[in-house]
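Take a look at the letters that make up each chain.
2 protein chains.
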Amino acid sequence: MILVGYSILKKVVVGCEIPKPISGTLSGHAAGEPFDKYVYHEIKKQFPTETFRQYEYLNDLYAKNPTIIGFKARQELFDSPTVMFLLSRGKDATIKWSEENPFDEKQNDTADIVVVKNGFYEIVDVKTRNISKSAQPPNIISAYKLAQLCAKMIDNQEFNNFTISYFELDWKLENDKLVCKNAYFGNLFKAKPDELYINWAAAMQIQIHICDLDQTFNGTKAMWAKSYLKHFVIQARKRANDMITKFVIPFEKYIQ
Amino acid sequence: MILVGYSILKKVVVGCEIPKPISGTLSGHAAGEPFDKYVYHEIKKQFPTETFRQYEYLNDLYAKNPTIIGFKARQELFDSPTVMFLLSRGKDATIKWSEENPFDEKQNDTADIVVVKNGFYEIVDVKTRNISKSAQPPNIISAYKLAQLCAKMIDNQEFNNFTISYFELDWKLENDKLVCKNAYFGNLFKAKPDELYINWAAAMQIQIHICDLDQTFNGTKAMWAKSYLKHFVIQARKRANDMITKFVIPFEKYIQ
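Chains A and B supply the protein sequences, listed in that same order. In terms of the numbering used here, the first sequence opens at residue 1 and continues consecutively. In terms of the numbering used here, the second sequence opens at residue 1 and continues consecutively.
It is possible that part of the hints are untrue.
Each pair may be met inside one copy or between any two copies, as identical chains are not told apart.
Quick list of in silico lysine-lysine cross-link-like pairs, DSSO-like style, CA-CA up to 27 Å [claimed, not checked]:
| # | residue 1 | residue 2 |
| --- | --- | --- |
| 1 | Lys253 | Lys221 |
| 2 | Lys246 | Lys106 |
| 3 | Lys246 | Lys145 |
| 4 | Lys133 | Lys96 |
| 5 | Lys238 | Lys253 |
| 6 | Lys117 | Lys145 |
| 7 | Lys10 | Lys20 |
| 8 | Lys133 | Lys10 |
| 9 | Lys246 | Lys226 |
| 10 | Lys145 | Lys238 |
| 11 | Lys152 | Lys253 |
| 12 | Lys246 | Lys230 |
Don't read these hints as lab results, they were simulated from the structure.
With the rest of the complex left out, here is chain A (with noise of 0.2 Å):
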């Protein structure tokens, strides 16, 4: 399942303008960050009341539970330890967390937003690109948290419950103005997970332009996490083994 409409959204965003960022550099997050808000509003059109920030949905939650206090207490009112173990901050931050001390974005949230809508969460990631450069791929998600999430997934029999998608949205500078030419769509479930790229020496992070994903993966996704747990351990052994021949082996003669 999923719930966003990103055909009508691509065709919201695409030739849209924003006014160039004043702080005059035009590289990394900062520059696209205008278009992911715009992004967040368009959605949020398409759910008025289901569509979050991942830290907005964590403060209403807690919020709406004022009784619920302490770390497991307050985990458990995922009643999904998938979605749980995706969504949740870390066990200081949550025991520490009031109504005067809510929570604030991260940067390494998993969700850019979060849609959920009966019981069901869809967790999209927004990926803005400046097209006028070519950049290395983006990090799409920790290949090892998303092996610790398919055996989660498979530990819970919770297949069902959420998906996460990603939404790249291209852009130019024009005549001063931020330009969206182009943008793209893509579910993590339905990209064959024996083909996604991770890059060990990057915080283990599977990269990919979203334009580049492949969404012919067709099984269920029980099929799918046992697919890529089989990919991880592979990939895992291989970096292992490639370890010892780039930086042990030639470097053995000089120690000896």
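For chain A, the structure is supplied; the task is to place chain B on it using the hints.
Chain B only, in chain A's frame:
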């Protein structure tokens, strides 16, 4: 040998104030950059004609030798394979270089500043630190690059024609100004090599605050190089084993 007078530099720098950058955000590199420039100009006062940005040094070297073209010939201008390895750019970029198409600053250059005197190279890396925030230690140098460097030092028996120094400048926002509160310096080859922390998942970077950098190593540079290579090989083996323990074994039960 160390060229730069860091004690003098520290005296000049501590207490200095710069206006808060207009861009607003005080996160990341951007905020500290004016201090980096300040340090550069102060070192230039000590060595007016011998202080360069890394790209400036390359531009200068190639411009002074207009008849030397091609990758290999330009590399040989360094007359030190070790320094060449540290400072030169890639093959394509080096071939394409011309006075009309000079090098510009590059984020993953080894050096912020190079001081070159009588064939001796001091590479200086400036780390600016906002002490109002707790942040993870900065990247010092790629552990792999350093291993390759040590191997080259041994291969070429080049131990005394270069060094690598670090200068940490601690600052704080006070009354809309950035104020330098303290400064530290350290030399890589005075730090005990087997205590350097390698963050394998973060691009294999050695990470440490310069104020925490041990400076008690008393051996020769040849001893340092061998000792570092030993450390690197042990750590690489350990990481390869840890990968099996952490990323392979826990997930094997799911894929049988």
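- Message: Please sort lysine 133 with lysine 10 into within, between, both or neither, judging by C-alpha distance up to 27 Å.
- Response: within (22 Å within a copy, 39 Å between copies)
- Query: How would you classify lysine 246 and lysine 230 at a CA-CA limit of 27 Å: within, between, both, or neither?
  - Reply: both (24 Å within a copy, 15 Å between copies)
- Task: Classify it for me, lysine 246 with lysine 145: is the Cα-Cα distance of at most 27 Å met within a copy, between copies, both or neither?
- Result: Answer is both: 26 Å inside a copy and 12 Å across each meet the 27 Å cutoff.
- Message: At most 27 Å between alpha carbons: which applies to lysine 117 and lysine 145, within, between, both or neither?
- Response: within (24 Å within a copy, 50 Å between copies)
- Within a copy, between copies, both or neither: where do lysine 253 and lysine 221 come within 27 Å Cα-Cα? Between copies, since 18 Å is at most 27 Å while 48 Å is not.
- 27 Å Cα threshold - placement of lysine 253 relative to lysine 238: both (23 Å within a copy, 18 Å between copies)
- Query: For lysine 133 vs lysine 96, is the C-alpha pair at or below 27 Å within one copy, between two copies, both, or neither?
  - Reply: between (42 Å within a copy, 19 Å between copies)
- Up to 27 Å between alpha-carbons, please classify lysine 246 paired with lysine 106: within, between, both or neither. between (35 Å within a copy, 26 Å between copies)
- Task: Go through the copies and call it for lysine 152 and lysine 253: within, between, both or neither, with a Cα cutoff of 27 Å.
- Result: between (44 Å within a copy, 13 Å between copies)
- Query: 27 Å Cα cut-off: does lysine 145 pair with lysine 238 within a copy, between copies, both or neither?
  - Reply: both (19 Å within a copy, 22 Å between copies)
- Item | Status of lysine 20 relative to lysine 10 across identical chains (alpha carbons, at most 27 Å) | within (21 Å within a copy, 39 Å between copies)
- Query: For lysine 246 vs lysine 226, is the C-alpha pair at or below 27 Å within one copy, between two copies, both, or neither?
  - Reply: So lysine 246 and lysine 226 pass the 27 Å test across copies only (18 Å; inside, 30 Å).
Of the hints listed earlier, there is not a single one the structure fails to meet.
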